[in-house]
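Each protein sequence line maps, in turn, to chains A and B. Going by UniProt numbering, the first sequence opens with residue 1, and the numbers climb by one from there. Going by UniProt numbering, the second sequence opens with residue 1, and the numbers climb by one from there.
None of these hints come from the bench; they were simulated from the model. Please note: incorrect hints may appear among the correct ones.
[As the list claims (entries may be wrong)] 30 Å max Cα-Cα, derived BS3-like pairs, lysine-lysine:
# : chain 1 : residue 1 : chain 2 : residue 2
1 : B       : Lys-209   : A       : Lys-142
2 : A       : Lys-212   : A       : Lys-99
3 : B       : Lys-209   : A       : Lys-99
4 : B       : Lys-209   : A       : Lys-212
5 : A       : Lys-49    : B       : Lys-120
[Stated by the list, open to error] Partial list, computed: chain B residues near chain A (C-beta under 8 Å):
#  : residue
6  : Gln-9
7  : Ser-13
8  : Leu-72
9  : Gly-232
10 : Tyr-325
Beta carbons: idealized from backbone N, C-alpha and C, even for Gly.
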Amino acid sequence: MSVRTLPLVFINLGGEMIYILDQRLRASNTSDDNSEKVMNDIVGTMFSKAFIDELLKPQQLYSHRTLKTVLTRLAHASIMRLNPASMERLYELMVMAFKYQVFLCPRPKDLLLISYNHIDTIREFVKDTPVVVNQVDETHRKIIEVYSSLSEGEFQLLRQTLLIFFQDMHVRVSLFLKNQVQRPTGRFALSTSGPVPHGIEVPGLIRTCNSKGREVRRSEFPTGGSYSSPVREGCFELHGDRVTRLGRNMYTLSHPEETRTSKAPSVKTSDAPNLLAKEELNLLARLMGSMKAENKTKVEAGFQINLFTTDQEEEEAGAEDSMSGVINIQAMQDEQAATELARIAGQFTEQEEPENPYCNKGDDLLAMMDDL
Amino acid sequence: MYHKEKSIQTKNSASALYNNLGVLRIAPRRLTYFAVVHANVVNMVSASWDGLDYSHRQLQSKEPNVATSTSLVTQAAFCVLPSRDLLVVTSQKGIQIYESDGSIMVYWHALETPDTPTDKAVFARGISAVWESYICVGVSSGSILVFDVPSKGSNITLSEVLEEHTESITDMASECSGSQECIADLVSADDGGNLCVWKSGEEFQLLNKIHGFDMSCSSVKLWKGTVVAGYGTGQIRLYEAVTGILHAEVNAHARWIYSLDIAPFSGLLLSAAEDSLVRVWHLNLTPESNSVEVAHLHNECVTDTQICGAKFCDSDGYAFAVTGYDLSEIIRYTQS
Numbered sequence: 001m002s003v004r005t006l007p008l009v010f011i012n013l014g015g016e017m018i019y020i021l022d023q024r025l026r027a028s029n030t031s032d033d034n035s036e037k038v039m040n041d042i043v044g045t046m047f048s049k050a051f052i053d054e055l056l057k058p059q060q061l062y063s064h065r066t067l068k069t070v071l072t073r074l075a076h077a078s079i080m081r082l083n084p085a086s087m088e089r090l091y092e093l094m095v096m097a098f099k100y101q102v103f104l105c106p107r108p109k110d111l112l113l114i115s116y117n118h119i120d121t122i123r124e125f126v127k128d129t130p131v132v133v134n135q136v137d138e139t140h141r142k143i144i145e146v147y148s149s150l151s152e153g154e155f156q157l158l159r160q161t162l163l164i165f166f167q168d169m170h171v172r173v174s175l176f177l178k179n180q181v182q183r184p185t186g187r188f189a190l191s192t193s194g195p196v197p198h199g200i201e202v203p204g205l206i207r208t209c210n211s212k213g214r215e216v217r218r219s220e221f222p223t224g225g226s227y228s229s230p231v232r233e234g235c236f237e238l239h240g241d242r243v244t245r246l247g248r249n250m251y252t253l254s255h256p257e258e259t260r261t262s263k264a265p266s267v268k269t270s271d272a273p274n275l276l277a278k279e280e281l282n283l284l285a286r287l288m289g290s291m292k293a294e295n296k297t298k299v300e301a302g303f304q305i306n307l308f309t310t311d312q313e314e315e316e317a318g319a320e321d322s323m324s325g326v327i328n329i330q331a332m333q334d335e336q337a338a339t340e341l342a343r344i345a346g347q348f349t350e351q352e353e354p355e356n357p358y359c360n361k362g363d364d365l366l367a368m369m370d371d372l
Numbered sequence: 001m002y003h004k005e006k007s008i009q010t011k012n013s014a015s016a017l018y019n020n021l022g023v024l025r026i027a028p029r030r031l032t033y034f035a036v037v038h039a040n041v042v043n044m045v046s047a048s049w050d051g052l053d054y055s056h057r058q059l060q061s062k063e064p065n066v067a068t069s070t071s072l073v074t075q076a077a078f079c080v081l082p083s084r085d086l087l088v089v090t091s092q093k094g095i096q097i098y099e100s101d102g103s104i105m106v107y108w109h110a111l112e113t114p115d116t117p118t119d120k121a122v123f124a125r126g127i128s129a130v131w132e133s134y135i136c137v138g139v140s141s142g143s144i145l146v147f148d149v150p151s152k153g154s155n156i157t158l159s160e161v162l163e164e165h166t167e168s169i170t171d172m173a174s175e176c177s178g179s180q181e182c183i184a185d186l187v188s189a190d191d192g193g194n195l196c197v198w199k200s201g202e203e204f205q206l207l208n209k210i211h212g213f214d215m216s217c218s219s220v221k222l223w224k225g226t227v228v229a230g231y232g233t234g235q236i237r238l239y240e241a242v243t244g245i246l247h248a249e250v251n252a253h254a255r256w257i258y259s260l261d262i263a264p265f266s267g268l269l270l271s272a273a274e275d276s277l278v279r280v281w282h283l284n285l286t287p288e289s290n291s292v293e294v295a296h297l298h299n300e301c302v303t304d305t306q307i308c309g310a311k312f313c314d315s316d317g318y319a320f321a322v323t324g325y326d327l328s329e330i331i332r333y334t335q336s
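The following block holds chain B by itself, in its conformation from the complex:
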């Protein structure tokens, strides 16, 4: 179904972090941007569709002053809003927002660090653009910061702080089907496997809370009102977002899942885990019976590699890209 294409070499290897691959497709310029985190640096590659041009850029995590230790980056993700595309980088020190090509930093938000070290790590993690002009970022305390983003310029403001989770945020996702009918706009996941479903607005509204099983949910997606969640148990669960009804459960992987992605036009689902496997599934929603069917389509094994990022490169799922711990390349697959 898929075959391997030529890999893109990166300046350094990928770190073992959840959802460690960002992909942004820029159709008008026939380019795709990739972003991969390595320790305190984000490696960005701009790849032309004809496979001839690659340009690289590295973004450093911002440190308040040189005397403190380097700040590890936890995630780098592209945020697509109606008016603009941005790149958001979360780290131990705070949140940096760049123009999507990484050329200019437009905003910096420092996390409050306590004066005396606490016994819990402090960091930001979990990034999602949300209808219509919001970027939401999670924090290790469980808080979710909601930023209001103007259509241009750097006047980004902190609009709200959502305090519903009590454990570290792992991932967040917004409704990606493009459908205006969906009630839920955002789902957030935490280290306890708890999922919160939100409606965006001047004040975000909590629509539902789905309780976890004391097992971290490392990656989450929201598509046509269905939450797709990947867990440390290697399982994928599909829930109806607003009611929390379980649609399906898949014993998908033998190790911790690190990344999920959905191709919204085709309903293809990508799952990747520490077991070195990437799997492609198809989600079939039947609104009449209010059920979801999951069909397995394809496996790819990246030998001896604990995969940390996997994303489709387009909305149909025609191609996808994969990163792995200690690998200095972005591996690409295309439909045969």
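Extracted from the complex, chain A is given alone in its bound form:
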């Protein structure tokens, strides 16, 4: 529905990805140099002008498949490599974190504050590299410019679009379970107490007016909760106190095992392969195309990142991962889209040394997806 979701989706999901990668890099004692390089590469690619400009074009929010593809490509903009199982787990973590933030967002407009929390933390990660900081600042300014004029109703439509996107995902995250923000069923805890959002009146009052519309009586009713006055409003400028904790890095002090996820019992996550609509293929092509492959040093010192604490878990993850990498070729009957994608796939295979030479255009795309 909303045509303004993509920039916020990438900033927030990308932000969560960066938080998790940072935590894993620290946990695996990666050198400071390597860590910084990974961060700079990923942030630099994510906040590149071409990529952000593509995102800012009004367009629909497409499927998880497309998002996952682009985010994987983002992660691989660095010298780090993630196997498909790791990427799957990473994606689940990212999405559940963002779902939590969107679900609990006090007012629809606070989606911006959540995004700004992500941007603020990202800025910290790359603060020693002025070029990348500039890119982050530029993006932040563009976001402020584009979103300042949206009404609360439009923000709520944006939020509703995101909630539909996250619907039925109940992956349990050990960090959330431990902090009791998530129940064992996978659902998030919703409190009926605490401060009301800024701009909302504390419930409990009925004001009655006379026939002229002038207030004549006030009465109270039991609310079934215990609400209090709102806290101060967060800052929507480039720098400032966002007030809300949603969107801040939850992984700073946690232990590695808290990035563990498990599917909630008896819930199917529908990752059914389906037609990638023509428009969606076009978006994917444009986004992939806009990510510059700069900083791709020929260093063979690329390293694997382990998202799991034990080898056994790593194996289990591999087994669980249902390789749903089959894309219905019918979707590519549009010559133009197919050609464009093949061209982009060609770009990638050039740089990443194709392991499996294929002979026709459709298979190139599949190969590209499989290699991720």
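Use these hints to put chain B onto chain A, whose structure you have.
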């Protein structure tokens, strides 16, 4: 006052959309139909009153061709006209009208989509049957499409387009008291909280415009000439429709209100919000003093759930049903 009954399981969960529950009571067959939106699908359940028979049906939103992305449904509502009952489904692509059991689609109206994407979303939302043979549907541009519905058959025609709102229509409601004396037939609400009050006819007439406070009015009802409106601030306001005089204001909820409903015979009001609470109120109109009193009667908390639909199942308000985001059930409550 109310106790929880056995829930009805649905094929999938409800989406976070305003007014996401349609209820149609079919007394002669001792059945109630429910309609809940999930992404691009409408889940319909037909429930027998003895609680023994449930049948399910799913309606897909219509896509002009397979190559474009799926079209999300924004609302599904039953429209009760003197001659027939219909189910109206609004989506990003247009408006589908079905027979009330969802068996046959009788009409399709495609929304004009611009060739190049605009920076505003395009969709239809806000559905109401209006005396005597009209179905009105709102559009994201603020337009209201008025369809003329024959007593049977599929010869539904677009009669008029009302251009008064400039922001997206959120909800619409017609006078539900059954009284012929009311002047106003229809109220429409938009994302800016603006309310328009109309008289139906070959040409609809704008009777009054009540300006909003830059806060979305997500749900609206019209009863005995009183507009009852729910807002993103969690407030409910009652206005006299034709004059716009404020009768009452309630700080009802701590989060965005998603659904309001009125039981016309008893004057019971139901409000539901993202704060996980459903509240039952009583509206007491005293025509002599031209005032309305609002009394709070009951609360129900649906734990950890942002409620998206709440409707009475009958005109007395003896029972009501609730849907919530990510919940795959229709929760029912009955008076004790």
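Cross-check of the supplied hints:
In summary, the hint linking Lys-209 (chain B) to Lys-142 (chain A) is not supported, as the alpha carbons are separated by about 36 Å, beyond the 30 Å threshold. In summary, the hint linking Lys-212 (chain A) to Lys-99 (chain A) is not supported, as the alpha carbons are separated by about 46 Å, beyond the 30 Å threshold. A C-alpha spacing of about 38 Å is found between Lys-209 (chain B) and Lys-99 (chain A), which places the hinted pair above 30 Å, so the restraint is violated. Proposed proximity of Lys-209 (chain B) and Lys-212 (chain A) is supported: the alpha carbons are some 17 Å apart, at most 30 Å.
Restraint check for Lys-49 (chain A) and Lys-120 (chain B): satisfied, since their Cα atoms lie roughly 23 Å apart, inside the 30 Å limit. Given hint, Gln-9 (chain B) at the interface with chain A, is violated; its Cβ is 13 Å from that chain's nearest Cβ, farther than 8 Å. Given hint, Ser-13 (chain B) at the interface with chain A, holds; its Cβ is 6 Å from that chain's nearest Cβ, closer than 8 Å. The restraint placing Leu-72 (chain B) at the interface with chain A holds, with a minimum CB-CB distance near 5 Å, inside the 8 Å limit.
Interface hint status for Gly-232 (chain B): upheld, as the beta-carbon distance to the closest one in chain A is roughly 6 Å, under 8 Å. Interface restraint check: Tyr-325 (chain B) against chain A, minimum CB-CB distance 6 Å, threshold 8 Å, status holds.
Of the numbered hints listed earlier, those contradicted by the structure are 1, 2, 3 and 6.
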